[in-house]
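For reference, the chains in residue letters:
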Amino acid sequence: MTAASAVPARRDLSVYIHVPFCAVRCGYCDFNTYTATELGGGGSQREYPQVAMAEMDLVLADDRAAGYEYDAVSTVFFGGGTPTLLPADDLVAMLAHLRSLIPLAPGAEVTTEANPDSVTRASLARLADGGITRVSFGMQSAVPSVLATLDRTHDPERVPQAVAWAREAGLDVSLDLIYGTPGETLADVETSVRAALACEPDHLSAYSLIIEGNTAMARHLRRGEIAEPDPDDMADKYELVDDLLAAEGMSWYEVSNWARTPAHRCRHNLAYWRGGDWWGIGPGAHRHRDGLRAGNVKHPSRYATMVRAGELPRAQSEHLTEVERALERIMLELRIVDGLPADAVAPEARAMIDVHVRRGHLDPDAAAAGRLVLTREGRLLADAVIRDLTV
Amino acid sequence: MTPRIADADAAIIAPAATPVERIRNFCIIAHIDHGKSTLADRMLQLTGVVDERAMRAQYLDRMDIERERGITVKSQAVRMPWGVTDESGRTEAYALNMIDTPGHVDFTYEVSRSLAACEGAILLVDAAQGIEAQTLANLYLAMENDLTIIPVLNKIDLPGADPDKYAAEIGSLVGVDPDDVLRVSGKTGVGVPELLDHVVRTIPAPTGDPDAPCRAMIFDSVYDTYRGVVTYVRVIDGRLSPRERIAMMSTLAQHDLLEIGVISPEPIPTQGLGIGEVGYLITGVKDVRQSKVGDTVTTARTGATEALSGYSDPKPMVFSGLFPIDGSDYPALRDALDKLKLNDAALNYEPETSTALGFGFRVGFLGLLHLEIIRERLEREFDLDLISTAPSVVYDLTMEDGTEIEVLNPSDFPEGKVREIREPVTRATILVPSEYIGTVMELCQSKRGNLRGMDYLSEDRVELRYTLPLAEIVFDFFDQLKSRTKGYASLDYDVEGQQAADLVKVDMLLQGEAVDAFSAIVHRDKAYNYGVEMAGKLKNLIPRQQFEVPIQAAIGSRIIARENIRAMRKDVLSKCYGGDISRKRKLLEKQKEGKKRMKNIGSVEVPQEAFIAALSSDDSAAKDGKKK
Chain U
1 MTAASAVPAR RDLSVYIHVP FCAVRCGYCD FNTYTATELG GGGSQREYPQ
51 VAMAEMDLVL ADDRAAGYEY DAVSTVFFGG GTPTLLPADD LVAMLAHLRS
101 LIPLAPGAEV TTEANPDSVT RASLARLADG GITRVSFGMQ SAVPSVLATL
151 DRTHDPERVP QAVAWAREAG LDVSLDLIYG TPGETLADVE TSVRAALACE
201 PDHLSAYSLI IEGNTAMARH LRRGEIAEPD PDDMADKYEL VDDLLAAEGM
251 SWYEVSNWAR TPAHRCRHNL AYWRGGDWWG IGPGAHRHRD GLRAGNVKHP
301 SRYATMVRAG ELPRAQSEHL TEVERALERI MLELRIVDGL PADAVAPEAR
351 AMIDVHVRRG HLDPDAAAAG RLVLTREGRL LADAVIRDLT V
Chain D
1 MTPRIADADA AIIAPAATPV ERIRNFCIIA HIDHGKSTLA DRMLQLTGVV
51 DERAMRAQYL DRMDIERERG ITVKSQAVRM PWGVTDESGR TEAYALNMID
101 TPGHVDFTYE VSRSLAACEG AILLVDAAQG IEAQTLANLY LAMENDLTII
151 PVLNKIDLPG ADPDKYAAEI GSLVGVDPDD VLRVSGKTGV GVPELLDHVV
201 RTIPAPTGDP DAPCRAMIFD SVYDTYRGVV TYVRVIDGRL SPRERIAMMS
251 TLAQHDLLEI GVISPEPIPT QGLGIGEVGY LITGVKDVRQ SKVGDTVTTA
301 RTGATEALSG YSDPKPMVFS GLFPIDGSDY PALRDALDKL KLNDAALNYE
351 PETSTALGFG FRVGFLGLLH LEIIRERLER EFDLDLISTA PSVVYDLTME
401 DGTEIEVLNP SDFPEGKVRE IREPVTRATI LVPSEYIGTV MELCQSKRGN
451 LRGMDYLSED RVELRYTLPL AEIVFDFFDQ LKSRTKGYAS LDYDVEGQQA
501 ADLVKVDMLL QGEAVDAFSA IVHRDKAYNY GVEMAGKLKN LIPRQQFEVP
551 IQAAIGSRII ARENIRAMRK DVLSKCYGGD ISRKRKLLEK QKEGKKRMKN
601 IGSVEVPQEA FIAALSSDDS AAKDGKKK
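One line per chain: the protein sequences are U and D, in this order.
Sequential numbering from 1 applies to the first sequence in the numbering used here.
Sequential numbering from 1 applies to the second sequence in the numbering used here.
Hints may be right or wrong, so weigh each one.
To be verified - EDC-like mimics (lysine to aspartate or glutamate), calculated; alpha carbons at most 20 angstroms apart, straight line:
#	chain 1	residue 1	chain 2	residue 2
1	D	Lys341	D	Glu376
2	D	Lys575	U	Glu322
3	D	Lys595	U	Glu324
4	D	Lys584	U	Asp236
No wet-lab data here; the hints were simulated from the structure.
All chains should be built: construct the whole structure from the sequences, respecting the hints.
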């Protein structure tokens, strides 16, 4: 819709590259991932990097046709699935192809997600050599029974080892934890957080387990084999995680994310939350360009077929209205430690700002200064606060 | 017996020209399910009024709801020719008018007017079940009206039938030898011709003064979309002729008689109606209120000066607030009520505003079934989703300063000092197998009942007579009666006057704010139980909020029960959605839609479902409603 001539060149681009393969599917996972190595129609693991690179070419052409030109890529994120299920050379090749299209900005953040048991000392070194700067390990828990409930296959002992290899290769390290797994105790959470801290990560994400409808875990829940997550218990665990991390000098910068220093915050995710532009490469990946949101087809075979036919593998897209943009801004920025300027809230909803300050959900000093920043209580009720502040 | 009549004989019973001695007017008194409609169908077939092919099961019940529930709300009158052969072998033709009576407790007045249009009644009882309380009440009513009663056992073809037992029972009630109780099967037709013969032989012909000014009693009026109001009358004195100008004696309103005729079973215009005849009038009026049941129709010129006795205005006894679940349906609800009102003189309503439920109507009903029927028609025929508040009765209050106040709605209960509160009381009749006497008496005791008397109808069936507050009956008495007697008890009640009682208003407060829809007027001894129960129910139904919410039950400023809804601690999606922001936004938009459907009580958001569940007497809804 936007006239090409009216659009100035944009400097920063983030790129998400989805790798839709896993060795096993975890019971809680509803992400777009597949365990078969051979999917029909050219959707196989072996051929995947070539297809993804071909999509990059298509997206670049699409941007140019719409008048968008990016100077540099500031962040790249390989997510999954399990990106490290592919040979390190494949990830490096995809990164190299991207750089051939748009150069990486100096100091660019290039992350890959990894399973602790899908990396070796050599593969991590190869990734670092190839331009990856940061690795995010799916640690989830340090308690064997919890890992078993989550269908995670790695040995908890494997995590410090993998972290050490990553450090040796010069990579920044982030760890992912999941709390609230059925059967997990507060003591289990503490064990996991302490184990994570012992690895001295630069960054840590802790997500509460959400049992999505189309997962194996949801079926266990329906059959009564596991208990429904209790929100009070979730709140207790969140507070425990936050206390333990804060005591070790890691501070929150988004509801579910903590960093050792502001420099260690995940700039790729911040781009999502601050309304940056990004490509979403791979099946089911999502992109954003100046109010255009688009998602790719989910199945790797269909994806490969479309890309090979020279067609953007798009499943759906939408142009955000002003109202939607305003809504998204509140929805995303309010979750960040920097908060949201009070004037981003529509006048008719501003009366609720004081209400939430009074209820202890918004920081009073920040609010007085015109910024809306969640307190810890507020972080736990972020969705409720967001509903009240949007119209 | 020769059921069908030759043409020559038929002329004798032509409408408007039938001699009174050839007319028989009767009704059928029966309980729901005892087979009245099936028997009526058989009579229509036997008399040739409806042929086999046109026979629709239960021809007389017009509305879907009635057919589904197997009950008849609106009566009609059908004229049937019937020939009776005497000993000498001569067959004479008679015109039988079968007047259908409503079968339920709420329509006692309509029943009384239908009975007043008849000289006789068939008392129809299921040979497998025996008489029920409402049938007994209507039987007494018929006997008070000096009707000739023909006791009949129906469904004798059923395997579970015990005709000997129930013949003894109803024989003793009516005062006839059990051998004289007729036995029929409406389903197979066995015994029905004999019954019709019996009607002719035992029910007296109508009497009246043919030379007196016309007086005809309205026993029913029905709104028809095409014809306007169709009024059913029984001529007592004089006659009515086509194109005559008529007057309604209660209102003195005058109308032109556009059409007059008989139903057989479709309307057939006639040259008028003479003494004893039963038929219909059409005047072009659009509202049944202009044609009131029990009123007297006379001619505008040289009309009667004295109305027939027995007329009274229908008086609503039970009130409930009806609110559309979607507030924008309010105009549709108003239009729907306006339409139903055209056909229901007993229905009345006024706009009501509830802080909890928004705009709706306070609707008055004759009783609980009337309420249920109207509500169901609104939902079914007009496609409305409604919340109804707990039914309440009319209270008369005398304040300390002597002023009198009528309270139709608990939320209108005054703040000031009350000297006396009077509530409507009923004369209730309960028929129950004797093994349940104890449990029923216990129930009545707990509902503030006073035993007036008790009689054995037969060895194992008992009639209990109680004075019971109407408020207790509309609360949950009937459900409890049924469940405590495995469904065997039957109940009939009639409002008779008032009694002073120690009643208080219990308010339910959410975060200190009264929720008008949950206020109730209850006996002081029960206020505590009501408060505790309601607070517990609400606690389970209202989702946790961002802050703690106290739920209190209060009498005036005194708190009698309290529960707390703990503050919600976690309401955040803590999950990595990657770049799929649209999904997250759509989730938020969906949540916001849900929030819009909430009703705000102060700052507490209450889902509609919570109101519905809390106002329904079904406890299972409260148990399942909670979602943490």
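Q | List of violated hint numbers, smallest to largest | A | Violated hints (numbers, rising): 2, 4; every other hint is consistent with the structure.
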